[in-house]
Amino acid sequence: MSSTRTLAGVELSKQLWRLRTYLALGVTALVPVLITIAFALGGTSHHHHGHVGFFSVATRSGLDMPLAALSAMEGFLLIVVVALFAGESVAGEASWGTLRYLLVRPVRRSRLLAAKLSVAALLSLVATLVLVIVALAAGTAAFGWHPVVTPFGLVMPEGQAIIRLAVSAIYVAWSMAGVVSFAFLLSTLTDSAFGAVAGGVALGVVSEILDGIPAFGAVRYGLPSHYWQAWNGLFVDPVRYADMVRGAIIQVVYAGAFCALAWWRFSRKDITS
Amino acid sequence: MSAEDKRPVAIRGLTKRYAGGVLAVERLDLSVEEGQVLGLLGPNGAGKTTTLRMLLGLVLPSAGEVRIYGERVLPGASVLSRVGTLVDNPGFVPHLSGIRNLQTFWEAGGMAWSEADVDAAIEVADLGEAINRKYRTYSHGMRQRLGLAQSVLGRPSLLVLDEPTSGLDPHQMRQVRAVVSRMAAGGTTVVLSSHLLSEVEQVCTHVAVVDRGHLVSTGPVADLTGASRTVYIETTDLDAAKRVLSALEGVTSVTDQPPGMSVSLKGTPRHEVVAALVHAGVGVDTIHARNSLEDAFLELVGEASP
Numbered sequence: 071m072s073s074t075r076t077l078a079g080v081e082l083s084k085q086l087w088r089l090r091t092y093l094a095l096g097v098t099a100l101v102p103v104l105i106t107i108a109f110a111l112g113g114t115s116h117h118h119h120g121h122v123g124f125f126s127v128a129t130r131s132g133l134d135m136p137l138a139a140l141s142a143m144e145g146f147l148l149i150v151v152v153a154l155f156a157g158e159s160v161a162g163e164a165s166w167g168t169l170r171y172l173l174v175r176p177v178r179r180s181r182l183l184a185a186k187l188s189v190a191a192l193l194s195l196v197a198t199l200v201l202v203i204v205a206l207a208a209g210t211a212a213f214g215w216h217p218v219v220t221p222f223g224l225v226m227p228e229g230q231a232i233i234r235l236a237v238s239a240i241y242v243a244w245s246m247a248g249v250v251s252f253a254f255l256l257s258t259l260t261d262s263a264f265g266a267v268a269g270g271v272a273l274g275v276v277s278e279i280l281d282g283i284p285a286f287g288a289v290r291y292g293l294p295s296h297y298w299q300a301w302n303g304l305f306v307d308p309v310r311y312a313d314m315v316r317g318a319i320i321q322v323v324y325a326g327a328f329c330a331l332a333w334w335r336f337s338r339k340d341i342t343s
Numbered sequence: 016m017s018a019e020d021k022r023p024v025a026i027r028g029l030t031k032r033y034a035g036g037v038l039a040v041e042r043l044d045l046s047v048e049e050g051q052v053l054g055l056l057g058p059n060g061a062g063k064t065t066t067l068r069m070l071l072g073l074v075l076p077s078a079g080e081v082r083i084y085g086e087r088v089l090p091g092a093s094v095l096s097r098v099g100t101l102v103d104n105p106g107f108v109p110h111l112s113g114i115r116n117l118q119t120f121w122e123a124g125g126m127a128w129s130e131a132d133v134d135a136a137i138e139v140a141d142l143g144e145a146i147n148r149k150y151r152t153y154s155h156g157m158r159q160r161l162g163l164a165q166s167v168l169g170r171p172s173l174l175v176l177d178e179p180t181s182g183l184d185p186h187q188m189r190q191v192r193a194v195v196s197r198m199a200a201g202g203t204t205v206v207l208s209s210h211l212l213s214e215v216e217q218v219c220t221h222v223a224v225v226d227r228g229h230l231v232s233t234g235p236v237a238d239l240t241g242a243s244r245t246v247y248i249e250t251t252d253l254d255a256a257k258r259v260l261s262a263l264e265g266v267t268s269v270t271d272q273p274p275g276m277s278v279s280l281k282g283t284p285r286h287e288v289v290a291a292l293v294h295a296g297v298g299v300d301t302i303h304a305r306n307s308l309e310d311a312f313l314e315l316v317g318e319a320s321p
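In order, the protein sequences belong to chains A and B.
Count the first sequence with my numbering and you get residues 71 to 343, in order.
Count the second sequence with my numbering and you get residues 16 to 321, in order.
Just so you know, these hints were derived from the structure itself, not from any lab.
A couple of the hints might just be wrong.
To be verified - Counterexamples of contact, computed for chain B against chain A with all Cβ distances above 12 Å:
#	residue
1	P76
2	G91
3	G99
4	D103
5	N116
6	E122
7	L142
8	D184
9	V299
10	D300
Claimed, not checked - Per the computed footprint, the stretches of chain A lying under chain B, defined by three or more beta-carbons under 8 Å from a beta-carbon of chain B, are:
#	stretch
11	167 to 181
12	230 to 241
13	331 to 343
Positions of the beta carbon are idealized from the N, C-alpha and C atoms, including for glycine.
Generate coordinates for the entire structure from the input sequences, incorporating the hints supplied.
In structure tokens, the structure reads:
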């Protein structure tokens, strides 16, 4: 073996040798299975009282289950998982005492950050895909492969539904960009991995709380979580893309700002850990 | 580029003021020549660690510069590929084995594992089968040895060690010093920090004494200790010995230290003192140098005190 591995490859293998990575992905996979089991045991009635959105139609088709799971998990569990991957990435090294040994190598700090961020982003994407794929498999096993019935009264053939589901998954993954880059920024500022993860989660949760208070008016449109559910627009007729585009752009702004700050700060930081 | 510019370490006007105003290092000039083993000696808080961290590009200087083999040290400088280091404590990923940790460290520098000279490092680690165990199961001494093994990966031309024996028992200290001596014998230039005078005296060829962020003295260990030397002597006839020594040029003081005496010498070699005593018919039972560097050190650091 005489080849050199890329920095991102080294970083990725470090994460793939960790039990924690699999625990986080495992929980992400487990919850859709639990939801599916609960619905399967809850009877075949198509009109559960109190269920809203995709949950009201979750048993109509296996293809409805990933949409229900996305709705249910996007607002908290997914935030925790992606904040974990991003918040741990640099601060975790500081708490192990390995950060200084990464930085005494002939590698620019910005390259290290790029490798770390891309691994955190990749794992976040994988978590979203795991959620969707497991929910799709469990839902299909329990409720069969039928056209999707949307909570908005639309019936959509399987082929079209699967493509829209894929787009929704990518959109949700990208919607996490603000949380990921904020947790990553904190990770470069503090030596406490826990603090960085908690900060990332807090950004998402606080944004959701503020978004639920009408008194904040137009300010809410600029919150990172405001358009998190905008992928629902793919399941109405006619399709509504506008909010998805706004949501995607808002993430670009947040991710750009947090990452720029992380790069600026980290390239000047005295490493005393 | 002249030979002078290619020195392993050239530090000029190095100053570090941390956010919050603490002046850790001030206008420090220091150079290390090829093959030297330089001990950075000073009390805790003297600025040794900050100086070494600036040498490695971990801490950014407020003023001045550091050059290694002529290349200015900035974070990630390419010349760092020639430097092996142990800063403070070893730092490893707890869920990876010792050997995988070494590989991860090495490859994170963008270098091929096959060029790491792994066998030599494994020999330094001296962990046997335990090198395949997870790092979190290691004892303190094993961790320190793995840290030392990491620092010699790829046969560095310059080895920078910050307090390499801190927290070790005497046996482990001896192992660490043996590794340093072996690397030095192989031509590696070494810079190590220590607050242990005996350690610097044992392993270093040169010493730089720092106190409160300033360089107080620098030079060969022998020069520093030679400047002021105290010996302890036991003789067959104490009174006769005192008379002889008092008359001898280069003896600055003679103090009783039962059963012998403590004699301060300025420039007079020990063998001449012994010869004078024997010539006068006084038998010499014991003669040895007292903590000479300690005396020199306290003198230097004491002089710098306000």
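For each hint, the structure was consulted:
1. Its beta-carbon lying about 10 Å from the closest one in chain A, P76 of chain B breaks the requirement of being farther than 12 Å from that chain.
2. Its closest Cβ contact with chain A, about 4 Å, brings G91 of chain B to no more than 12 Å, contrary to its assignment away from the interface.
3. The claim that G99 of chain B is not at the interface with chain A is violated, since a C-beta of that chain comes within 12 Å of its own (minimum 9 Å).
4. Separation of D103 of chain B from chain A is inadequate, the least Cβ-Cβ distance of about 8 Å not exceeding the 12 Å criterion.
5. Not every beta carbon of chain A lies more than 12 Å from that of N116 of chain B, the smallest distance being close to 8 Å; the non-interface claim is violated.
6. Listed as a non-interface residue, E122 of chain B fails to keep its Cβ farther than 12 Å from every Cβ of chain A; the least gap is roughly 5 Å.
7. A cut-off of 12 Å between C-beta atoms confirms that L142 of chain B is not in contact with chain A; the least separation is 18 Å.
8. At roughly 21 Å from the closest C-beta of chain A, the C-beta of D184 of chain B stays outside 12 Å, upholding its exclusion from the interface.
9. For V299 of chain B, the condition that its CB be more than 12 Å from all CB atoms of chain A holds, with the nearest at approximately 52 Å.
10. With 12 Å as the threshold on Cβ separation, the claim that D300 of chain B sits away from chain A holds: the shortest Cβ distance comes to roughly 51 Å.
11. Counting residues of the stretch 167 to 181 of chain A whose beta-carbon sits less than 8 Å from any beta-carbon of chain B gives 14, enough to reach three: the coverage restraint holds.
12. Check result for the stretch 230 to 241 of chain A against chain B: violated, 0 residues qualifying (beta carbon to beta carbon below 8 Å, three or more required).
13. With a threshold of 8 Å between beta carbons, the proposed coverage of the stretch 331 to 343 of chain A by chain B holds, since 5 of its residues qualify and at least three are required.
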